[in-house]
Amino acid sequence: MPMKNNFLIRAWRGLRRLSGDDAYERYLAHHAEHHPDEPLLSREEFFKQWQNSKWQGVKRCC
Amino acid sequence: MKNLLGKLVWVIVAVAGAAAVGGIAINRGESINALWFITAAVCVYAIAYRFYAAWIAAKVLVIDETRATPAERFDNGRDFVPTNKWIVFGHHFAAIAGPGPLVGPTLAAQFGYLPGTLWILIGGVLGGCVQDMVTLFFSMRRDGRSLGQMARDELGPIGGVAAMVGTLAIMIILIAVLGLVVVNAMKHSPWATSTVAATIPIAMIVGFYMRSIRPGRVLEGSALGVILLLLAVAGGGWVDHHPALRAIFDHEGLALAWCVIIYGFAAAILPVWLLLAPRDYLSTFMKLGTVILLAIAIAVMQPQVKMPALTQFIDGTGPIFGGSLFPFVFITIACGAISGFHALIASGTTPKLLASERHIRMVGYGGMALESFVAIMALVAATVLDPGVYFAINSPAGIVGAEAAQAVATISAWGFPVTVEQMETLARQMGEATLFARTGGAPSLAVGMASIFGSAFGNGLLALWYHFAIMFEAVFILTTLDAGTRVGRFMLQDMLGNIFPKLGRTSWTPSVILTSAIIVGLWGYFLYIGVIDPNGGVNLLWPLFGISNQLLAAIALCVATGILIKSGKLKHIWITGLPLVWLIVVTTTASWQKIFSDDVRVGFLAAAQDKAAKLAAGTLSPGDVEVAKQLIFNLHLDAALTAFFVLTLWIIVFDMLRVSARHLAGKPVLPLTESPYIPSKLAGI
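One line per chain: the protein sequences are A and B, in this order.
Quick note on numbering: numbering that gives the first Met the number 0 labels position 10 of the first sequence as 9, and the sequence is numbered without any gaps.
Quick note on numbering: numbering that gives the first Met the number 0 labels position 458 of the second sequence as 457, and the sequence is numbered without any gaps.
Note that these hints are calculated values from the structure, not bench results.
Hints are not guaranteed to be accurate.
Only pairs whose alpha carbons sit at most 27 Å apart, straight line, appear in this in silico DSS-like list of lysine-lysine [claimed, not checked]:
id : chain 1 : residue 1 : chain 2 : residue 2
1  : B       : Lys58     : B       : Lys501
2  : B       : Lys666    : B       : Lys568
3  : A       : Lys53     : B       : Lys570
4  : A       : Lys53     : B       : Lys568
5  : B       : Lys501    : A       : Lys47
If we strip away everything but chain A, and leave its shape as in the complex, we get (with noise of 0.2 Å):
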């Protein structure tokens, strides 16, 4: 079991990944890591940012 269940939270990170889900998670451990000393952003403030940022430029395709 241990192999399936290795699996299976893996494909769940990886579906969180893509979609962005995990992009506050992650944004968090980037601010702890490298500017800890500046101040943090909500959850829903980055939220904002983060879909506002994630539209500029060409995203999809024909």
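Chain A is already provided as a structure; the job is to place chain B on it using the hints.
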């Protein structure tokens, strides 16, 4: 021993691939199992990926794993992030895979299944995959710069301007033709129209959910949205059976075109979180889910492809679009074989995520191979239909006649037997009033998909499957429409900003409204002329789209070829040079024919003259006179646009040749702009 076993496996793959391609090519029987197509495709992609792509990566591009990528050097936790290669692959594939590879192969099936299949396979592995991979590589070596910037840096200002203009032009035509596909799918279909309409409030609900109710919970919101979308498909059936509601959603093409135009404008000025972003989540999930489902259904059901290998329409008399096999099959199928638009993605988000140069092959080459595979599946879904049914759905009324009896008589006389009863039964099964003259690819693909899904998962739900397929296509066509309008707006604001700095501010409301209105007006006009065209606007707009998409591909290949020459890799330039020469030949021939051909269904000018002659003869009714005047103007406009595309192509080709010749003659040219080598500290991500 292991080495030997590996070699043996590849020999088996090669033999299986060759047998499948050969089987497809020489089959002249009544029908052929779809599994042949899947086998041929998988083997061709596997061999090309294992040998050709690996060779390009090692010997031509000279991938260096020890070199730090932009993602590592500029890691900012946002756009530059070193990312696992499977995740980058997923992002890249979701970005490049749009409705194009579903529509093009469906239309090109009028030539028979063989030309489209061969072009998708060969064009894919030698053209499209190479273009995506080298563009991704060159952008990654240049800090993730865009195609337009690379064209300017490496070739000069002419290349830069051509790339910018090409991008904007393709965006306009692309949106117009996709809008037309949606309109033709919704015309007089209350079920389809109400389902597609419901996707707008559903996207907004999801947007609110992710913004305010549970901020940032993307997966929860998407799951909610997918459930609502499935309910909307079922709810459409209920609307369809309700006399009063039915009338609300039953419209002519022109009225629907106006709805799409108004929707496009609203989507462009509304904040992204409300409509665009949530709709994109839904369409991405729908797209991936449906593609996987289709692959499973084809593998399980192994449907028979009933279309002949070649039809008589290779001579140019095809009902769906006029023009002979060469060059038009290569124009009709752009996405799936080679799509210039991908170069924008490959020089956009993707290069900023790569953790190692080694991932280039899988993401760039592999991503396109998978999209090409989607095109093969679309071709299968269209060709499993009885050819008579396929032509009845796709032939415009202007060609086969508006009456059902007349249409089936014409189509049967071509040698593709079909009856009125057969079409009526099919329409009833699919929950539609009629399936005649639903040009555009979406309805015939939906019928094909519904019959494959139906036989795999139960035939009782055909109408649901049909409208599910229509909804799925419409959702991501509308996403491309939203995203494209927005990109067009940014580009226009950027250009206007050089003249009036205030208009360049992307968040200044008057500028947003003005530039959005201009972009929507431009594609809206082409959508409008497509809808009023009596021969079905697809005949008019799809070739323009193919030509403009390949113009962009040619620009990307010019930039890549120029860089290869400047990097002293002259002996390897054929990897990009060969597809480039082919695209130049194909687009120039097609453009020439679209402008100057004497055939009124091919040449824009001939068609305009024909209309003018009818107008002068005074045989038209008063209503038709107005339409004819408009059509004459539009045909001239299309001719001018085609000329402009081909001129832009030649300008950039000559610019590349000029720079290359100067370099080879030892004269000074713009230096290579590759970023200096910095050793990577990441290992094994």
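Note to self: Output the indices of the hints that this structure fails to meet, ascending.
What the structure shows: Those not satisfied are hints 1, 3 and 4.
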